[in-house]
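*Asks:* Protein chains in written order, with my numbering: chain P, 8 to 364; chain V, 8 to 364; chain E, 8 to 364; chain G, 8 to 364.
It is worth saying that the hints were derived from the structure and are not from the lab.
Here the structure is a predicted model, which is why all the values come from computation and not from measurement.
Every clue listed holds true.
Just so you know, same-sequence chains aren't split out, so a pair can sit in one copy or run between any two.
DSS-like cross-link-like pairs, simulated, lysine-lysine; straight-line CA separation at most 30 Å:
{"id": "1", "residue 1": "K86", "residue 2": "K126"}
{"id": "2", "residue 1": "K340", "residue 2": "K86"}
{"id": "3", "residue 1": "K323", "residue 2": "K219"}
{"id": "4", "residue 1": "K63", "residue 2": "K83"}
{"id": "5", "residue 1": "K27", "residue 2": "K83"}
{"id": "6", "residue 1": "K126", "residue 2": "K83"}
{"id": "7", "residue 1": "K229", "residue 2": "K323"}
{"id": "8", "residue 1": "K27", "residue 2": "K12"}
{"id": "9", "residue 1": "K361", "residue 2": "K63"}
{"id": "10", "residue 1": "K323", "residue 2": "K215"}
{"id": "11", "residue 1": "K218", "residue 2": "K261"}
{"id": "12", "residue 1": "K215", "residue 2": "K261"}
{"id": "13", "residue 1": "K334", "residue 2": "K90"}
4 protein chains.
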Amino acid sequence: MTTFKGFAMKRLNETGWVEKEVPDCEPYDAIVRPTCVSPCTSDTHTVWEGAIGDRKDMVLGHEAVGIVEKVGSHVKNFKEGDKVIVPAITPDWDDEAAQRGFPSQTTEPLGGWKFSNFKDGVFGERFHVNLADANLALQPEELSDEAAVMLVDMWSTGMMGAENADIPLGGSVLVIGIGAVGLSAIAGAKLLGAGEIYAAGTRPISVKVAKKYGATNIINYKEGSIDQQVRDATDGAGVDSVIIAGGNLENTWKEAIASAKAGGTVSNVNYLSGADNVLIPRVEWGCGMSGIKITNGLCPGGRVRMERLASLALNKRADPELLVTHKFKGLEKIEEALYLMKDKPKDLIKPIVKIEE
Amino acid sequence: MTTFKGFAMKRLNETGWVEKEVPDCEPYDAIVRPTCVSPCTSDTHTVWEGAIGDRKDMVLGHEAVGIVEKVGSHVKNFKEGDKVIVPAITPDWDDEAAQRGFPSQTTEPLGGWKFSNFKDGVFGERFHVNLADANLALQPEELSDEAAVMLVDMWSTGMMGAENADIPLGGSVLVIGIGAVGLSAIAGAKLLGAGEIYAAGTRPISVKVAKKYGATNIINYKEGSIDQQVRDATDGAGVDSVIIAGGNLENTWKEAIASAKAGGTVSNVNYLSGADNVLIPRVEWGCGMSGIKITNGLCPGGRVRMERLASLALNKRADPELLVTHKFKGLEKIEEALYLMKDKPKDLIKPIVKIEE
Amino acid sequence: MTTFKGFAMKRLNETGWVEKEVPDCEPYDAIVRPTCVSPCTSDTHTVWEGAIGDRKDMVLGHEAVGIVEKVGSHVKNFKEGDKVIVPAITPDWDDEAAQRGFPSQTTEPLGGWKFSNFKDGVFGERFHVNLADANLALQPEELSDEAAVMLVDMWSTGMMGAENADIPLGGSVLVIGIGAVGLSAIAGAKLLGAGEIYAAGTRPISVKVAKKYGATNIINYKEGSIDQQVRDATDGAGVDSVIIAGGNLENTWKEAIASAKAGGTVSNVNYLSGADNVLIPRVEWGCGMSGIKITNGLCPGGRVRMERLASLALNKRADPELLVTHKFKGLEKIEEALYLMKDKPKDLIKPIVKIEE
Amino acid sequence: MTTFKGFAMKRLNETGWVEKEVPDCEPYDAIVRPTCVSPCTSDTHTVWEGAIGDRKDMVLGHEAVGIVEKVGSHVKNFKEGDKVIVPAITPDWDDEAAQRGFPSQTTEPLGGWKFSNFKDGVFGERFHVNLADANLALQPEELSDEAAVMLVDMWSTGMMGAENADIPLGGSVLVIGIGAVGLSAIAGAKLLGAGEIYAAGTRPISVKVAKKYGATNIINYKEGSIDQQVRDATDGAGVDSVIIAGGNLENTWKEAIASAKAGGTVSNVNYLSGADNVLIPRVEWGCGMSGIKITNGLCPGGRVRMERLASLALNKRADPELLVTHKFKGLEKIEEALYLMKDKPKDLIKPIVKIEE
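Extracted from the complex, chain P is given alone in its bound form (with noise of 0.2 Å):
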């Protein structure tokens, strides 16, 4: 196979299939067939938002496991046939900010985001991986694709919310946004420690999964602002931790921030857009004096970070596919799952495309 079908952003605004050249495997890359990808709400702002500028016929999608078709001559874990997990981040560990410890900023400020926006990315028939010894994981036998295609950005995401988010064990945590990304925040604040967790959302199929994922008390945003709810369910206190997954730039960061004990912590996880500037309140904030830390990162990626996942999977701390509400059978069918990602319909969390059993 010298050239390979994929579902492409053609040019802003418009998507279609793309035959494409089977990329060169470098000394230390891997060329991949993927066995199950989901599309993620970033490919439908990469298309319809311009969310990283205008991008020409280049292959979507970035969450994805697969079978090794071929490695460059010094990769030394892996081998043909291999069934592997492929972190959506796949950072240049050698790089300078890897060694400062962001391997996900390698290269450039979210330079390891490389498949569909530096290159193409896993939405066809093969993709390549650089620094493959790094960045595949070998996939568990008792690890489902559709397990595992939830943990190379959803999990490792929305868990990093939490990890970033200090939270003291027993402590208490807000998480503002259930889709994907913010439901496995709350996965991650349970995992990490969290006695109370409230989750501020609506939609039924969210709710739901929020409440097996962990949380403990369910926030209607429409009831009221969140702080004052969150305070009336804490005599005042607040939160020791907010993680932010969703909302907007006009009231959520007001509402997190003032959500925040003294000395807490907001951890941001959303992809944010629609401004020129996030807005942090002055008053909420205790004039720059409160000690409420504002942390977020990029989704961290290779190896390690899956097998951990995976071990959390494997060892039933919470299982990934609550995620799944929609499945689909076949490549062709990407197409299909990305739109409906864009269409965000009621009972939808997250698809998936099953393209080789």
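Here the structure of chain P is known, so what remains is to put chains V, E and G in place on it, guided by the hints.
*Replies:* Relative to chain P, chains V, E and G alone:
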């Protein structure tokens, strides 16, 4: 009531009932009447192993919940009649060590441990609590006495073991020793994001609870060295974190260090006795350059700690009552409960004594 | 002495001398007679900008050293006649927020700030100190009053800015604003391992001290945006850490974020005023995924903090007296010193008033 | 040049010159020609103490700066002729341990140490560097060879000792051992905010540099136990942090633990030898509940580390050349320099050999 009856260490190797004067209640202090107490292995070490040296007619016990009988003139948060959780460790929060971040080490090393160490403990009709505002916590109605009394030392100590173990999300943990503290360490490891949890122990009753608390693999130390079994189970990799909650000074530390990955952590919660030195095996420790950290601590005390542990119980993150295997009724049963703790029958994890409904 | 004279905020925009009753000395408290005080920019904000709302006849000032006049019945570490350093921030160390690790936020957000906020300050013949054992520190004989009074707020606040900035050993730092707090942040950055320190400011007297404290590059914000100058000086890389110790809410935060490397930290020590919101520039912040953390805090107080800062001064790690540009003698000169602080002449960093040798 | 001459360990207890083939330069690697090298105590341990077992004709040395002779096809950041600093430790940055945050432990424990351990070292006309983009750093023109070669192991190791010691700003530190690594630990402790620094050692040349690097008190271990002297000097308090950079396995660890405050840290940088076990004194360690942490590590390597240490030197935070007491010229002088290191005359800290101007 000006005097009270209590079950005491009369001197080394001798216990008995004593009658003592109810202590003064200084401006920031409280006097509490216990409703439920639990003997601790430390109580037996104190009496029969001379762990803290000799004591005369010192009332034993440091695990209790109770009812506030009296508060000092400057106490703001509590009043007579309040149902309270009493942390085993009651620091001087304004002390130099507390300001440095180590409240359990106030006044002197381990100085936050006052009950049945520097003053009379909780196995009496009344006991004294220093800095009541800081060292009591309201007991939520939904939390039974049996559950609450497991928080004050067992959960607080065991879970600290997990907190000090630097467990990466999805990382692997080995807990050595599955008495009440080791089991709490397992619960803590699960609550702090562990994937695989190896538990080394053999008593069937403990193994059962270990699994309920989150252990994924049981290691029988009678079937070979712990580290060899851990290496075998992890393809030679070892674990990210080791928690020492039992064992001895001959083998345990060697096995612990030898079980950890380079860069991992060995976290001690065991009250060490039986030899002059803890032996860290030089070669297994990478000649002191493997990056394997050794951490430890004394049970965290204080109000906030108790509130957070109560939140974990109330939100069903884990069930403290799983530790309670034997229940007694009536103050006078403390004697029997303590001797049970000394004898450690096969079916025992922790006994409790209900003094008042 | 049952009454004392003090220089007060009579109401918004009005200052004057008042005569008040010496406060009661509760069991754990002390009454102190100041020997040297220093006005702070915050005092001027309090009077002339309404920063904390209105106050009636409240004695101003929170920077002092002095002599213990009286101690409460339960104070153990201090006695009448002791020469003491008085931290600007005097937490309730047994409070919930202190137990959570945030003593400066006790009672309520910023609640550790009591002098000239919730009670009379230090610009009088006597003042009251809560929890004396925890909130006073012996002033070493070798430490002059001029030096010691610079520790209680300027060094403690400024150096906290560096502590919150996650400076890697040999990393690069930008400090925006070179008033007394910004200069202390520079000293702190050097003491915490910074290699290059960029200082943004223009006043010649401050520039001179900035260099003595460790600044390696001076940035004149009048010659272009700070971030552009930082990028130019660092081959486009930016800096590891930014400390905001001045500037305004229009440009400073944009320039701060735009100066930081992905994964870096922006640490605020500026008391923010002048707008409803702090604007975080979305694109420069990597759409909330660049890993740039935002930290802040209120000046750390308490005995241990003062002892440690005194140790830095005594061991000549930096010289606090470099901040003192104007010296006055006599209680009544407080008025002149405060107005000097309000007018900020070119040659001023900090004035002090010696009240007693 | 297809072969090169080098000074080697021919077998245990025997050194000599060898002629070997210049290694292949794989796609990401480089071949370097040293301009200045320095023997390390480890080299003498390797040859005469069998510290790493036997080796045949292995070129010694891991401290060098040099000129790039050749780069692999995929190297982007360096080219022939570049003047480079070569870290003693050259990790596989894409490895599992590096992803876990422990790059010096790649491949296997201590596996980042490749020169004169797993492959030929730097005491030859040419040497091989793996992952050149990540494991070389440009040597700034203003930085002399003598200075730069002190960074690659001495500063990096010694300062890591301070980084691992959790020194609070203004805290007190004890450094045991004042060879080149201990002296670098003193410099590191000062750079990381220590107030008082106690240095235990006796050699006059080292004492002189210790004071220049920031030691405030010198402890002569011949005049009594170190911990007793530290307790005497600190009113019984002990120190916040202890760094072990020398001593033996009989007394040093006991004295180290006994010198630390409860909650403090003992950080090891000494390559331990001479006994099977490191003895942690049980009682002084608070029966394993004092909160005294024990940390350690292997010298950090890589490009960013070298750049940051160079920044410290260039910005005059400390002077690396203070460590250099003996200078030789010419490749063949390596032999003499190594034997000097073995014999340790009184006036020696570190020798260097200039090979090329």
